[in-house]
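Peer 1: Read off the chains here:
There are 2 protein chains.
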Amino acid sequence: MADKNVSTILTGLKVLDMTRVIAGPYCGMMLADMGAEVVKLEVPGRGDDSRYYPPFQKGESLLYQLFNRNKKSITINLKTEKGRAIFKEILPHFDILLENFRPGVMEKMGLGYKDLEKIHPGLIYGAVSGFGHTGPYSQLPGYDIIGQAVGGLMSTTGWPGGEPTRTGPAMADILSGLNLTIGILSAYIRRQQTGRGDKVDIALVDSVVSALDFLPQWYFTTGKVPERKGNMYDAAYPYDTFKAEDQTFVIACGNDKLFHIVLNVLGRTDLLDDPRFQTNESRLNHHDIIKQLIEEWASDKKADDIVRMLTDHGCPACVVFDIERIAHDPHIVGDRHMFVEVESPKIGTMHLTGSVFKFTNGHTGEYTAAPELGENTQEYLKNLLNYDDTKLKQLEKDHII
Amino acid sequence: MADKNVSTILTGLKVLDMTRVIAGPYCGMMLADMGAEVVKLEVPGRGDDSRYYPPFQKGESLLYQLFNRNKKSITINLKTEKGRAIFKEILPHFDILLENFRPGVMEKMGLGYKDLEKIHPGLIYGAVSGFGHTGPYSQLPGYDIIGQAVGGLMSTTGWPGGEPTRTGPAMADILSGLNLTIGILSAYIRRQQTGRGDKVDIALVDSVVSALDFLPQWYFTTGKVPERKGNMYDAAYPYDTFKAEDQTFVIACGNDKLFHIVLNVLGRTDLLDDPRFQTNESRLNHHDIIKQLIEEWASDKKADDIVRMLTDHGCPACVVFDIERIAHDPHIVGDRHMFVEVESPKIGTMHLTGSVFKFTNGHTGEYTAAPELGENTQEYLKNLLNYDDTKLKQLEKDHII
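Protein chains in written order, with the working numbering: chain U, 51 to 451; chain H, 51 to 451.
Hints listed in this document are in silico derivations from the structure and should not be mistaken for laboratory results.
Treat the hints with care, as some may be off.
Unchecked claim - Only part of the chain U face toward chain H is listed, based on derived beta-carbon distances under 10 Å:
no. : residue
1   : 87
2   : 206
3   : 209
4   : 257
5   : 286
6   : 368
7   : 374
8   : 384
9   : 388
10  : 401
11  : 432
12  : 435
Stated by the list, open to error - With the Cβ distance kept under 7 Å, some of the chain H side facing chain U (calculated, not the full set):
no. : residue
13  : 59
14  : 205
15  : 214
16  : 217
17  : 248
18  : 250
19  : 275
20  : 281
21  : 313
22  : 385
23  : 403
24  : 407
What the hints assert, rightly or not - Straight-line Cα separation of at most 30 Å, DSBU-like style, residue types lysine-lysine; simulated pairs:
no. : chain 1 : residue 1 : chain 2 : residue 2
25  : H       : 351       : U       : 279
26  : U       : 108       : H       : 293
27  : H       : 168       : U       : 54
28  : H       : 351       : U       : 158
29  : H       : 443       : H       : 432
30  : U       : 341       : H       : 279
31  : H       : 164       : U       : 54
32  : H       : 307       : U       : 129
33  : H       : 279       : U       : 351
34  : H       : 138       : H       : 64
35  : H       : 352       : U       : 279
36  : H       : 108       : U       : 274
37  : H       : 274       : U       : 351
38  : H       : 138       : U       : 279
39  : H       : 351       : U       : 274
40  : U       : 54        : H       : 274
Glycine residues also receive a C-beta, built at the ideal position from the N, C-alpha and C atoms.
Next up, chain U with everything else stripped away, as it sits in the complex (with noise of 0.2 Å):
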């Protein structure tokens, strides 16, 4: 269907992926939207880890599924020189290499960027790990959990008083997955000038560091080292979550016009020359007063009514949509498809999160379900390599595909 943002954009790009889990993969999951070749190269018998991963529809993996949907699968036991050699065979078919391994593994394979250009000079190597591929803790293992806490984003989200908080989602990952793509994207449109690959090193650590906004800039100009805060934010107020009388809603006023639309919504103009609010500097000084002024107001009020109010008079507000409302939500899905229906033989339909990139030109197509494990190895290695029957059945045999 063509509203279904699958694009052609990228059609013709060549991608080998042998990320697991997360980051990596959803680097993989967005080229393959955008219409790329992405091979996903798996364990033979076991996989990718996040086969296994909850949450489960048919016994399958939902996590798997969405991340790893429009890809195929091939196996190639890569303990085995001969896995190795096969490898080595196939990546000149590739321009893109992705990997997640720990730093050194590919290398202790004698699959390290420094060998695989020898044989590719025109490969893009995109490697995702925690700490990244240079410095003293390169070797440390990295999970989004630490990338939070270690790139600084725990330490600044949540609460005055409270414990330091990651968000929801893998958000170290998708950062990660998010500046691979950046990378290799970059890397590509250089070597279409020069015929050279490139490897970019993205590390999870790094991707938070550049996601924290200006937060460390304050530590910078001030010495002051930035505190959980709650939902403030130190630009602009009223810019903060407020409680009704049913829910909490968000007001979003960055600058005099839109508080003094908030006053009046209020029925508090009396406060307009009040030397307290007068500045959205002052206004910051004096966020306590602010809040429990609307707060007081909003106490015998819904939060549905409150935001029809502010929106209607032209300030920015909204309530917290759950997951439950955007699921349903006629702009979210209705318009934007942010989720899809996907048909799997094996699973039915599944309800996957769709691709944000929405081009004018970029001809759309149907998103696909997710491999099964190695479903292309045979056609992959048959079209690349030439590889007979005869000699995939003793490869199967010999556990090397």
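Once you've looked at the hints, dock chain H against the given chain U.
Peer 2: Just chain H, lined up with the frame of chain U:
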């Protein structure tokens, strides 16, 4: 300096960046860090609102400096017919246009994608907005906190029984800037084959929904609405924060082998065969007992010592770094250069956040400070459009540039 991660990967790419504040400028920043020529188009006299946002150093905004380093600045008043004519004259000299106006604003000025592709068929038009350029909510204003609230991040971040929680940094803006970058680089790759440009329409809300990881799939498979779970993650346990005597620490234990290490370090090998802890799933079901076990053991120990004991035995663990610790860390700063010193004639030495993109073959160079408002207007109008001094003086006098 060669180690500071400014590269020449995208040298040759020409970007006209009309975006303001964070989401769009973060995209332009990444492109400029990788060597693209990024020219910021600002309003004469005032410029990007974020020039007036804290934190300040010598009266100048470091938020502006952070997201606009390595760029140029030109000013054109698009509210005048003459200004719009100059815009149309200069546009074909650029590959990419970035804008983050409310949907429809560019069209009202006669500068929508449909207008611009007529005069520049190869144009890559990158738009970022709160809700996107289509759908019933497209006219609602989008700020980061609204993206986080409507996109589901706030409802799934925070503590059981507590309030929905936004991340400290403006994560919806950051995610959107990353997606915008991926969209325009992909369209650029496509253009190199077809000669034809494209428009990519990125929404804050879409970007947050796409970053929800597997949480929506839990809803779709179980019908249960994902709630705030503090630092737990529904894929593994113990994968959480714990309190030591002095501060919070993280254990990221994703499988049975690592859990055996945890029990060994705790001196509780008597629990190795306890059926409550045999599988990851049973550990998730008994997470409260495991948390209590670990925190009782940790209550008289320092977090740094605990982390050393665990990591020495091969179990991923860390403390939660605050911004001060990150700012002086030998790996994050010393090796990965995630904070860099940038010189500005007006401000002196600034500490900005460095680029995540570490290439092997990408030549590296120095960061340069963000431009003064309109610093490069005359240079660009002279070089690209052959305007002479008389004409430029008149345009200045008429407040058009």
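Peer 1: Using the nearest Cβ pair, does residue 388(U) come within less than 10 Å of chain H?
Peer 2: Given a least distance of 4 Å, the restraint on residue 388(U) holds.
Peer 1: Report holds or violated for the interface hint on residue 217(H), using the least CB-CB distance to chain U and a cut-off of 7 Å.
Peer 2: Residue 217(H) check passes; min Cβ-Cβ to chain U is 5 Å, inside 7 Å.
Peer 1: Holds or violated: is the Cβ of residue 374(U) closer than 10 Å to a Cβ in chain H?
Peer 2: 5 Å, holds
Peer 1: Going by Cβ atoms only, is residue 275(H) closer than 7 Å to chain U?
Peer 2: 5 Å, holds
Peer 1: Holds or violated: residue 138(H) and residue 64(H), Cα atoms, limit 30 Å.
Peer 2: Since the Cα atoms of residue 138(H) and residue 64(H) sit roughly 15 Å apart, the hinted pair holds (cutoff 30 Å).
Peer 1: Hint validation: residue 209(U) versus chain H, beta carbon distance must be below 10 Å. Holds or violated?
Peer 2: 7 Å, holds
Peer 1: Going by Cβ atoms only, is residue 250(H) closer than 7 Å to chain U?
Peer 2: 5 Å, holds
Peer 1: Take a quick look at whether residue 274(H) and residue 351(U) sit within 30 Å of each other, Cα to Cα.
Peer 2: Holds - the C-alpha atoms of residue 351(U) and residue 274(H) are around 28 Å apart, at most 30 Å.
Peer 1: Does the closest beta carbon of chain H sit nearer than 10 Å to the beta carbon of residue 401(U)?
Peer 2: 4 Å, holds
Peer 1: Under the criterion of a CB-CB separation shorter than 10 Å, is residue 368(U) in contact with chain H as hinted?
Peer 2: 5 Å, holds
Peer 1: Can residue 214(H) be said to touch chain U, with a Cβ gap under 7 Å?
Peer 2: 4 Å, holds
Peer 1: Can we keep the residue 435(U) interface hint, with Cβ of chain H closer than 10 Å?
Peer 2: Nearest chain H Cβ about 27 Å off; hint violated.
Taken one by one, the earlier hints fail for this structure at numbers 1, 11, 12, 21, 26, 28 and 38, listed in ascending order.
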